[in-house]
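Chemist: Chain by chain, the residues run as shown.
Number of protein chains: 2
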Amino acid sequence: MRKSTGHKIVIIGCGNVAWHLAKQLAAFKNYKLFVYNHKANSLLNDFKTKLKCSVTSNLKNIVTDADLYFICVADKNIASVAKRIKTKNSNAIIVHTSGSAKINELGDRSNTAVFYPLQTFSKQDEVNWKEVPVIVEAKNAAIKTKILNLAKEFSNNVISLNYKERLKLHLAAVLVNNFTNALFVAAADLAAKDKKILLPLIKQTVLKIQKLDPLAAQTGPARRGDKRVMEKHLKLISKNTELKKIYLQLSNLIIKQQAKKHA
Amino acid sequence: MRKSTGHKIVIIGCGNVAWHLAKQLAAFKNYKLFVYNHKANSLLNDFKTKLKCSVTSNLKNIVTDADLYFICVADKNIASVAKRIKTKNSNAIIVHTSGSAKINELGDRSNTAVFYPLQTFSKQDEVNWKEVPVIVEAKNAAIKTKILNLAKEFSNNVISLNYKERLKLHLAAVLVNNFTNALFVAAADLAAKDKKILLPLIKQTVLKIQKLDPLAAQTGPARRGDKRVMEKHLKLISKNTELKKIYLQLSNLIIKQQAKKHA
Numbered sequence: 024m025r026k027s028t029g030h031k032i033v034i035i036g037c038g039n040v041a042w043h044l045a046k047q048l049a050a051f052k053n054y055k056l057f058v059y060n061h062k063a064n065s066l067l068n069d070f071k072t073k074l075k076c077s078v079t080s081n082l083k084n085i086v087t088d089a090d091l092y093f094i095c096v097a098d099k100n101i102a103s104v105a106k107r108i109k110t111k112n113s114n115a116i117i118v119h120t121s122g123s124a125k126i127n128e129l130g131d132r133s134n135t136a137v138f139y140p141l142q143t144f145s146k147q148d149e150v151n152w153k154e155v156p157v158i159v160e161a162k163n164a165a166i167k168t169k170i171l172n173l174a175k176e177f178s179n180n181v182i183s184l185n186y187k188e189r190l191k192l193h194l195a196a197v198l199v200n201n202f203t204n205a206l207f208v209a210a211a212d213l214a215a216k217d218k219k220i221l222l223p224l225i226k227q228t229v230l231k232i233q234k235l236d237p238l239a240a241q242t243g244p245a246r247r248g249d250k251r252v253m254e255k256h257l258k259l260i261s262k263n264t265e266l267k268k269i270y271l272q273l274s275n276l277i278i279k280q281q282a283k284k285h286a
Numbered sequence: 024m025r026k027s028t029g030h031k032i033v034i035i036g037c038g039n040v041a042w043h044l045a046k047q048l049a050a051f052k053n054y055k056l057f058v059y060n061h062k063a064n065s066l067l068n069d070f071k072t073k074l075k076c077s078v079t080s081n082l083k084n085i086v087t088d089a090d091l092y093f094i095c096v097a098d099k100n101i102a103s104v105a106k107r108i109k110t111k112n113s114n115a116i117i118v119h120t121s122g123s124a125k126i127n128e129l130g131d132r133s134n135t136a137v138f139y140p141l142q143t144f145s146k147q148d149e150v151n152w153k154e155v156p157v158i159v160e161a162k163n164a165a166i167k168t169k170i171l172n173l174a175k176e177f178s179n180n181v182i183s184l185n186y187k188e189r190l191k192l193h194l195a196a197v198l199v200n201n202f203t204n205a206l207f208v209a210a211a212d213l214a215a216k217d218k219k220i221l222l223p224l225i226k227q228t229v230l231k232i233q234k235l236d237p238l239a240a241q242t243g244p245a246r247r248g249d250k251r252v253m254e255k256h257l258k259l260i261s262k263n264t265e266l267k268k269i270y271l272q273l274s275n276l277i278i279k280q281q282a283k284k285h286a
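Chain order of the listed sequences is B and X. Start counting the first sequence at 24; every next residue gets the next number (this note's numbering). Start counting the second sequence at 24; every next residue gets the next number (this note's numbering).
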């Protein structure tokens, strides 16, 4: 990447992924960064003041000779943003960073690729990029090599996958991050003033599966088929129809997962 | 505990909780440990060979002058085990370690208590007892003081709660441990050969809520109300009726949790 295509990178969008991409690219020092956002706000301004990027909210001001464009916007806006990119560099590569959008959202151009970092990003959190899996797809072999090389500057964990495999991992990410977090919210509600009391258990739950297959790590009343305990829990949340349904369904999932294991 | 009631402790059961209790009590060095299990098996034998406990599978052989009995058996067996304890020591305390059983399962005795460690225990894993929340309940104030003191030898995180509060935390523990783990199993299925790829995300999910309220840490398509992405996910699992239901319900939970936050 560095030698063959030069150093100008445009980042489109100023959300959490854009932020951590720019922060890391800035740390590499051999890229010149330009950030565009559809409106001038404090998020955009942070790229200027904290990461020394050139920033603009006017599409006409974007450099036309960039080597790479990172589109870091919501899936539904990728296609329209991609269409509006005007470049004089016929080798410029256009990349999106989504786990759930097809590469074709970038249009018919041949120089397109996907660079999907499988991680949850928050601006205020540090990211250890070396550990972040980066999933790559590209329209052709030459572009793929370039994007794989760039991804390897970020991470030790780069893999090349097609759309369906990427979407499966994106769904898996929703399960282990979004849904797990929703359970944390529900649990914190139950624990009320004792919220913090659950943190050591949550930590241990995750430590366990670093070593054990999660199927083997499973414990609890559903795993044991302990109906008495399950009934006590259900009685406790008898007025919370939603949590009750989730309790029944996830208990059922555990029972089936374990049955499959023993089958 | 040490000075006033002496040093003989009987542990009933030889599962994961019994193991880690005995291991820690053995490390304290000032207790003499006796372990009973209803059958002589290799689990029971490990207490003898690895922790230097006296072990027996014959109830008649249990010491009758113990100061404390830890009942570490399944909820449904607590009452019958408690009934069968014969002691000549009128000050002996009988304790169960369950998150979901009432103290009354120990019978009408006045010297009873609950010592519930809110953690997931596996024999092969190390436990950092200092961090394990221990939830205590007792039949009377004098017993409570003794059990609180014992619990504080184990942990820096000891609290006294009634049955309903304890059961709520037990349910919360099921959500953050058992159900979260079931989602890990489902996600690993989706990731197939790339299972390990989810570990950094899982780690980050948990790191995030050490600092942020989980309600604020929530991200993802349900949080954003991104129906297009949700439909892609649902199409991907259209043949997996169960996972589909869970997807819809947990997405719905996220939407309601976030609406409540903004209300």
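Since the hints were derived computationally from the structure, they do not count as laboratory data. Please note that the accuracy of each hint is not assured.
Any copy will do: because identical chains look the same in the list, a pair fits if it lies in one copy or spans two.
Straight-line alpha carbon distances no greater than 25 Å define the calculated SDA-like cross-link-like pairs of lysine to any residue that follow [unchecked claim]: (1) K162 / L259; (2) K258 / D69; (3) K219 / S145; (4) K75 / A50; (5) K234 / L222; (6) K106 / A63; (7) K162 / L276.
Small disclaimer: the values here were computed from a predicted structure and weren't measured.
Chemist: Please go over all the hints and tell whether each is borne out by the structure.
Modeler: Now for the hints, and whether the structure bears them out:
1. Within a single copy, K162 and L259 get their C-alpha atoms only as close as 54 Å, which misses the 25 Å cut-off; across copies the closest is 23 Å, which meets it.
2. Proximity of K258 and D69 under a CA criterion of 25 Å is satisfied in neither setting, with 50 Å inside one chain copy and 38 Å between copies.
3. Taking the closest pair of Cα atoms, K219 and S145 come within 25 Å of each other both inside a single copy (21 Å) and across two copies (22 Å).
4. Proximity of K75 and A50 under a CA criterion of 25 Å is satisfied intra-copy only: 11 Å inside one chain copy versus 56 Å between copies.
5. In this assembly of identical chains, the alpha carbons of K234 and L222 lie at most 25 Å apart whether taken from the same copy (19 Å) or from different copies (11 Å).
6. When the C-alpha separation of K106 and A63 is checked against a cutoff of 25 Å, the pair qualifies only within one copy, where the shortest distance is 21 Å, while the shortest distance between copies is 73 Å.
7. With identical chains, the CA atoms of K162 and L276 are never at most 25 Å apart, being 39 Å at best within one copy and 38 Å at best between copies.
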